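Trainee: This is what each chain is made of:
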Amino acid sequence: MAKAFANSADLKAYRQQLLKTRRTETKTISICAGTGCCASGALKLVDGFHRAVRERGLEREVTVRQTGCHGFCERGPLVVLHPELTLYQRVKGADIAEIIERTIQGGEVVERLLYQDAAGHRFVREDELPFYKNQMRLILAQNGHIDPTSIDDYLAVGGYQALAKVLGKSKPEKVCETIRKSGLRGRGGGGFPAGVKWESCRAAPCPDGVRYIICNADEGDPGAFMDRSIMEGNPHSVIEGMIIGAWAIGFPGRPQGYVYIRNEYPLAVERLGIALEQARRLGLLGKNILGSGLDFDIKINKGGGAFVCGESTALMASIEGFVGEPRAKHIHTVESGLWDKPTNLNNVETWANVPLIIDKGVKWYTGIGTGDVSRDPWGGSKGTKIFALVGKVQNTGLVEVPMGTSLRRIIYDIGGGIPGGKKFKAVQTGGPSGGCLPADKLDLPVDFDALTAAGSMMGSGGMIVMDESTCMVDVARYFTHFLADESCGKCVSCREGLRQLGRILDRICAGEGRPGDLELLESLGRTIRSASLCALGQTATNPLDSTLRYFREEYREHVEDKKCRAGVCRALISFRILADKCTGCMICAKKCPEQAISGEKKKPHVIDQSKCIRCGICRDVCKFDAVVVE
Amino acid sequence: MESKRLQEIVADHGKDPAQLLAILQDIQQEENYLPKETLKELARELGVPLARIYSLATFFSSFSLEPRGKHICTVCLGTACHVRGAPRLVDQVERDFAIKAGETTADRQLTLETVNCVGACALGPLVILDGEYHGNMNTAKLGRVLGSLKKE
Ligand SMILES: Cc1cc2nc3c(=O)[nH]c(=O)nc-3n(C[C@H](O)[C@H](O)[C@H](O)COP(=O)(O)O)c2cc1C
Ligand code: FES
Ligand code: FES
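Which chain is which? The protein sequence lines are A and B, in order. Residue numbers for the first sequence follow the working numbering, so the first one is 1 and each next one is one higher. Residue numbers for the second sequence follow the working numbering, so the first one is 1 and each next one is one higher.
Just so you know, not all the hints are guaranteed correct.
Unchecked claim - Below, a list of computed lysine-lysine pairs in the DSS-like style, where the Cα atoms sit at most 27 Å apart:
#	chain 1	residue 1	chain 2	residue 2
1	A	Lys-92	A	Lys-27
2	A	Lys-92	B	Lys-141
3	B	Lys-141	A	Lys-591
4	B	Lys-100	A	Lys-590
5	A	Lys-360	A	Lys-174
6	A	Lys-611	B	Lys-100
7	B	Lys-15	A	Lys-302
Derived from the structure by calculation, the hints contain no laboratory data. Computed from a prediction, not measured in an experiment: that's the story for all the values here.
With the hints as extra help, turn the sequences into a complete structure.
Mentor: Okay, here's the thing in structure tokens:
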């Protein structure tokens, strides 16, 4: 690595040097080493490929590179061969030799490792896969290409160019204005225009010049992982965004940076730590960055597993070493936030958008997305948004699309629809503060305002697809309990109200629903919404409200008919063995924890309903689909 | 935890009460839980009320005030894992080992914990046994993964 850059000319020269030496590389084997693929054994592959290349003396012609998350985690471990972009999925150690010998050396494709869609088509190139082809990857563009632990990789693809463009060159006010005009809105949930926030923070009185620049990497939405993926795959893009922010908001003062990251993301913490260290060594953090006069550094703070700590004031309390209780917002954090200093908090994905906007310009950026932000930054949703497409969908993973893309396009064209021939029922967006939308909302363009109008919200980008085997009452019950557990307990309405909601929903799911329960849920919900201090309580009933609004019939069936049509609520279902499908293999009888299944070998078995606890193990272990729920 | 080690950890964090969360994380990392005596000593070291330390230790779900088991089984209960059947996995461990989520078996072999998403949602339902991720779990697979523990 080079010595610290004294100015932007140094950075430019170093990059040119890098590009010159790199052109000699011919082939690259990129192995995804994100959390998902590591869980499927990617690290062993990285070692294996290194060894195999070395053993064959191919080090000069072939580079083995570990990258961050490619977003198609379900098919991991993923291996992409450059420059052909051949994508191999679910690769195992035993496949390594074949990949090297047949593909790298022989130029053939190993058919069995290719991605195959539901109709049986195989795809060779990564960019031909429907999953990738229909996306617009700007923020995630480099994830599959660069080694996140190498700042050289980031510099080689143009990293820190945006920083060099503004630091010491554009007036800080001008940079704030650019961000405002770009229409960039916060990706952490609220959709607040980032430029407006920056300008207010810059304008706030601050005698000693200490302003805090914070990155919210708490990613509390359970079922969302785009922030994790950005930090693991391209940590420098977040750091670059934050340094630009420090210049725009804090120069000529003494801005200081924090990343508040959740403890459940050890790999992201590690990668970010490495990236910060490298940036410091190159003089991109520290004193007099690129000779601009800006002094700025970033610290990492790890969270402790509390959803509410993603809320801005709770997050700041937590950095100060107190429990994460939100406070009233009549004092804005941009004026008095962390340690009572002007504080600017943005989400990981928001920060990662910043270098892109600076690099490519407002005109380009506002060309993507919905609405018109030329007069009012609230006038539309610009740029792309990354969604974590999960649940009952064929292709699960990270999907980056322009704002305004329809739910249908995301779920069907990119996601490949619902697996197992089942029927779509709902899609949940916005995490625990969001809502569930039914099939007739599938053509809704996904942007901040359209989702809110439909009773859900953008949130941080979790998108959970549900099919006919998902019970909507159970989903509402799940989120209500989640929020009751995560409520910090400060407001009575939120702490006690959510608990009561949870109890009523428990009763309904247990077959003990009473007439009037639905109205009771609604009136209690209104109280919780209006009497709670922070957005956790104020939006806590969204999952409940939206399911009551769109799936009321399912609630009615639970309460009046004592039926769960999805076959989820245990008290309302029973398991049965289909005599014509059962082969009498006896495996269910062996695995049943209650010895509730009996039958002779090779003869149909039966379940004793009085003993059955409806754990569903028999259905899981049956190889002949002979166990059904009713 | 030995006093000397505690002092080192505290010194690593500049003896700064604002670093309490990080200090507690370091203690738990080494001790597997937060021992009462250590917390009392920490309060004296930092000059903060013990109540403030307890409020943090009980607020954040990643801390345990009880010694945890030799093995730790963490079931993800995030939304993506939930809709793919994660609650049944919790039930299964609770039933097989006669403990509730958050508890440890009497022989200190196993602690069952739950977590709200670890960011590997595409592989849900997800179970982490001693730091190793097991994706696309069902009751049959979990039975196999935990089977080795039962025999120990
Ligand atoms: C209960 C609650 C949890 C939140 N969790 C997160 C989170 O995990 N990540 C995040 O970026 N924002 C979260 N937010 C939103 C933040 O309060 C804040 O609006 C956001 O980080 C600001 O950044 P942005 O404008 O770039 O989105 C949460 C808000 C609430 C009320
Ligand atoms: S972790 Fe490999 S694709 Fe996401
Ligand atoms: S919901 Fe289980 S890993 Fe995200």
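Trainee: State for each hint whether it applies.
Mentor: For each hint, the structure was consulted:
1. A:Lys-92 x A:Lys-27: Measuring from Cα to Cα gives roughly 20 Å; hence the hint holds.
2. A:Lys-92 x B:Lys-141: Roughly 20 Å between the alpha carbons, so the hint for A:Lys-92 and B:Lys-141 holds.
3. B:Lys-141 x A:Lys-591: OK: B:Lys-141 and A:Lys-591 at ~12 Å, within 27 Å.
4. B:Lys-100 x A:Lys-590: Given that 27 Å is the threshold and the Cα spacing comes to 24 Å, the pair holds.
5. A:Lys-360 x A:Lys-174: 15 Å, holds
6. A:Lys-611 x B:Lys-100: 22 Å, holds
7. B:Lys-15 x A:Lys-302: Status holds; Cα separation ~17 Å.
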